[in-house]
Amino acid sequence: MCEKTAHLPLNRTRRALGMTVMAAALATGLGLGSASAQELSPDEWVMVVSVINTTNPYMISNIEGAKALADHLGLPLEVVNSNNSSQEGISNIMAILASGRKPIMFVNTVSSSDAPTIVDAVGRAGGYVTIWWNKPDDYKPWNVGDHFVAFQKHPGVSSGRCGAQAIAGALDGEGEVVLLPGVQDSTTSQTRVAGFRAEIAENFPGITILEERPSNWDPQIAARNAQDLIVKYGDQIDAVWSADDAMQIGAMQAFENAGLLNQVKFASDGLYPKTLEDIQSGRGNNAIVGETFHRGYMASAVGLYTAYLAATGEIVPSELPEDKRESLFDLSCVTPDNIGDYLQYDEPGAPAAFVDRLVESGPWDVAPMPLVGGGVEVLPGS
Amino acid sequence: MSSFARHRIPDGSAQSARLVPPERWRAALRHAPLGMILSIVVLAVVFTWANPRFGSVENLQNLLYQVAVPLIVVVGTTMVIQMGSIDLSVQGVMGASGMAWILMSPNSRLAVDFGPWAWVAALALGLGLGLLAGIVHARLKVPSFVVTLGTWYIGLGIGVLLYGNGMLPSLTSETLARWPTRLTLGVPNAFWLAAAALGLGLLVMNYTRLGRGILAIGNNETIAGAMGLPVASIKIMAFAVAGLLSALAGILATMQLGSGSPDIGSGQLFTVIPAAVIAGTALSGGEGGVVRSALGVFLLILLNNGLVLAGVDPDFQSGIFGAILVVAIIAVSWPLRGRLKVAK
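These protein sequences, in sequence, are chains A and U. Residue 156 in this note's numbering is what sits at position 172 of the first sequence, and the numbering runs on without skipping anything. Numbers in this note's numbering are just positions in the second sequence, counted from 1, shifted up by 1.
A hint or two may mislead.
Label pairs and their in silico Cβ distance ranges [what the hints assert, rightly or not]:
1. A/Q264 - U/T185: 33 to 41 Å
2. U/F115 - A/N127: 57 to 65 Å
3. A/Q71 - U/P275: 20 to 28 Å
4. U/V121 - A/D156: 17 to 25 Å
5. A/E306 - U/I331: 52 to 60 Å
6. U/N166 - A/Q71: 22 to 30 Å
7. A/S69 - U/F322: 21 to 29 Å
8. A/G359 - U/I321: 51 to 59 Å
9. U/P275 - A/S83: 50 to 58 Å
10. A/S25 - U/A233: 24 to 32 Å
11. A/D219 - U/I331: 34 to 42 Å
12. A/D156 - U/I321: 32 to 40 Å
13. A/G357 - U/L111: 40 to 48 Å
Here are some, though not all, of the chain A residues that point toward chain U, as calculated from beta-carbon distances under 7 Å [as the list claims (entries may be wrong)]:
14. S83
15. N187
16. P198
Derived from the structure by calculation, the hints contain no laboratory data. Nothing here was measured: the structure is a model prediction, and the numbers come from that model. Even for Gly, the Cβ is constructed at its ideal location relative to N, Cα and C.
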């Protein structure tokens, strides 16, 4: 409540600023964002992208998207590497906030519980933040204040359903599958697994799930678990579903080492460049049958741009509908047949091209990830 | 120095080498890690009962394959721990060396193949990081915990720089990618490499001045220095060997995965240090040995494998893993308990 009061004058200023920006955009016929970008001084504002680590391809892609947007908007960018530690991530964010410049921030949280601490600190620094992937379910942006602009993610349930459809299709509806979830208590992993199981239970009674072995998003643990499952079930395994591509890379190597890659089908989430390469080369008798497409650079650019619009006053978060503050963005199901449609998003310069479209269309209507819903993801059957 | 070495019995061999055969065997038996061996045997029997596939040749090969990387690392880690120091840099060194190796070997990102020079460069990188840690620790008297935490991040930083923003580098040479799984005399090549590292570790610890010096420092560094041992040089060499072995493990892990990643060593530190400690290598130095630590690695890998094969629900796996480990540690430490021994 106090925070809201404290922000009232600022909101009025932002609204006035936003109207000026709108008028300028209409008058000049330029894109909205490019006109408003000039209104935020690089001496006063800083863009911040906070990632879990800098070794995972997805996190590296998060940074790429932030760089592309910061370049486009002419603002400085700071990168926060949490080194897989909530404590380290929060400490590094605090250090940047102490620099005096107001942050426009994207945070890929290490764990759900990090979100309130970070959001409060950003609010005290006069900045705006969008959180991606993880936050406590009952921690709602509209209960916190305009500085917590939005929480955004791709629906995990859809991801799991995509994988289940691809595997069931490849096996003609009959076969036995093992699952490799990520970190066991991760919401992202749990929603993906729930989606996979629900799709199989609802539509593919001929598919049996033999076992699931959480593999911590780690390719080596996934490889080790896959080796153990190969010993346990042998050639009984017809397909493997992994909650992300990092684990699928490990699992595929284990099946290749066991000489079973040609007879097992794989589906996962993320369409990493390595996965793309394997699909295109037809590795293992076209072993990969399904993927979901989303890119880290798109998530960070959308998240940061949403926070940026709040900073310029172009949007007033408290006036937005709830699905634009707790948002689910579209996730594309990819198969070897439609993979050609997605190659453009990995070409050199793709992040900059995406940012151009983002600034033109706004954060909720940019292909290939328009807003498709909002609220806490409901697990099937719950 | 040799008189000093007689006070310690690394794996029962240093002293037994100077004894006549019957006494030698008795000494070896007295100091054999019987508790550890018993724990492994009991677990193997229980897991085979739970799932007969546990005892299959296929699973034994699988276990030997899985144990290879931590086994190589634990040899170096044990040397450092026996000295009373600690090496936390394992994962960083593995990441840096693994990335250096794959980018100089046939890979999907760069059209290069430096052949054996890829090995030389990657191993030299690990050796260099180990030397750096050793020199800063021994010459500048900085605690090894802090120094190796630094070299961990230096290694990780090198790995990240080499990884860059490009495509994940994958091995394109079938020969290299398949080498770790290929069997020689029924055993995966990965394990032969680890066995060679273990053999080298045993030789160094039992038959060289370096090994005896490491134990002497672990027992009492002040006395070791007063006796004229080149303490600083021994420490530097021990860290260099540990760095070299971490680099070798990084290369092997990269070959096993078929792709390069700065995170290739992820989780290894928390396999090898507990493995060494549960096997009786004291963090204060001077006790234990590479064979004991190797058995510790076997125990941890076997436990994980056995729980998967036994079909333990993932929700209960961590808890059951911990409970069995506590029972196994009691069995392992039972023969080592002494009336005057203080546990902290």
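Evaluation of the provided hints:
1. Checked against the given bound of 33 to 41 Å, the beta carbons of A/Q264 and U/T185, roughly 35 Å apart, stay inside it.
2. The supplied range of 57 to 65 Å is met by U/F115 and A/N127, whose beta-carbon atoms lie about 58 Å from each other.
3. Distance hint for A/Q71 and U/P275: a CB-CB separation of about 23 Å, consistent with the stated range 20 to 28 Å.
4. A beta carbon spacing of about 51 Å between U/V121 and A/D156 contradicts the range 17 to 25 Å that was offered as a hint.
5. Between A/E306 and U/I331 the Cβ separation comes to about 55 Å, which falls inside the hinted range of 52 to 60 Å.
6. At roughly 27 Å, the beta-carbon separation of U/N166 and A/Q71 lies within the given 22 to 30 Å, and the hint holds.
7. About 23 Å separates the C-beta atoms of A/S69 and U/F322, a value consistent with the hinted range of 21 to 29 Å.
8. Between A/G359 and U/I321 the Cβ separation comes to about 37 Å, which falls outside the hinted range of 51 to 59 Å.
9. The hinted window of 50 to 58 Å between U/P275 and A/S83 is violated, with their beta carbons roughly 41 Å apart.
10. Distance hint for A/S25 and U/A233: a CB-CB separation of about 55 Å, inconsistent with the stated range 24 to 32 Å.
11. Evaluation of the 34 to 42 Å hint for A/D219 and U/I331 yields a pass: the beta carbon distance comes to about 40 Å.
12. At about 38 Å, the beta-carbon gap between A/D156 and U/I321 stays in the expected band of 32 to 40 Å.
13. Taking 40 to 48 Å as the suggested C-beta distance range, the pair A/G357 and U/L111 conforms, at roughly 43 Å.
14. Nearest Cβ of chain U to the Cβ of A/S83: about 23 Å, over the 7 Å cut. The hint is violated.
15. Evaluation of the A/N187 hint against chain U yields a violated restraint, the C-beta minimum of about 25 Å exceeding 7 Å.
16. For A/P198, the suggested interface contact is upheld, since its CB lies about 5 Å from the closest CB of chain U, less than 7 Å.
Of the numbered hints listed earlier, those contradicted by the structure are 4, 8, 9, 10, 14 and 15.
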